[in-house]
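Visitor: Sequence:
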Amino acid sequence: MYKRILSISLLVIVIAIGFLQKDELILLIKEGGILSILISMLFVAICVFFPVIPFPVLAGVIGGVFGTTQGVFVSLTGAMAGTMAFFFLSRYGFWDYAQSKLMKYPKVQEYEEFLNRNSFVAILTCRLIPIIPAPVVNIICGLSKVNWLTFFTSTTIGKIPNILILSYAGASFTSNKLFSFGLYGSYILVVFIIYSIVIYRKMAKETVD
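Numbering (UniProt numbering), first residue to last: 1 to 209.
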């Protein structure tokens, strides 16, 4: 009970900071410097819980301020900090309560079985191709028996391509806006095509069965 109250309190604080201080945080990010790096990481971590700003926009801004290499480091560090916090809050704050609720939803149980079957590959696939929404992956992995190190490693690797492209697009935005939009648009198109193929094959298999 106390764990649940503490977890809910932390979530409320994180969401409140992100929602109420959104504009101030963005201004601090654009100033550059050490404080800006820390604020950027914090804001990215907050957006894992509550996306007050779409991640592509935020990562692009960070890439524009810090450049591609540093932008990738800042965005990835913040994203992983938020993701691991989400994972551990799910595991230690809501495990008993959530398990009783998940039993009522066969589809969620199906996702859990999928992630448990081959944790590393399954999580990596979900990060590279959003078959399952990222928050759902975080929650289910936290509530399942997935090892935290496996979750951390596969998630980190899976997030790199998206963050790299966003950071590069953001860093290039000032000099070539068309290129930046085209680059990320092409990435989204490739992901969408792969996602469509995966879903089509799954539906075809279910039809045959």
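Worth flagging that the hints you see were computed from the coordinates, not collected in a lab.
Please note that the accuracy of each hint is not assured.
DSSO-like, lysine-lysine: derived pairs with alpha carbons at most 30 angstroms apart [stated by the list, open to error]:
id: 1; residue 1: 177; residue 2: 30
id: 2; residue 1: 145; residue 2: 202
id: 3; residue 1: 159; residue 2: 177
id: 4; residue 1: 205; residue 2: 177
Visitor: Next step is simple, just say for each hint if it's right about the structure.
Guide: Outcome of the hint check:
no.: 1; hint: 177 - 30; verdict: holds, 18 angstroms
no.: 2; hint: 145 - 202; verdict: holds, 25 angstroms
no.: 3; hint: 159 - 177; verdict: holds, 24 angstroms
no.: 4; hint: 205 - 177; verdict: violated, 42 angstroms
The earlier numbered hint that this structure contradicts is number 4, and it is the only one.
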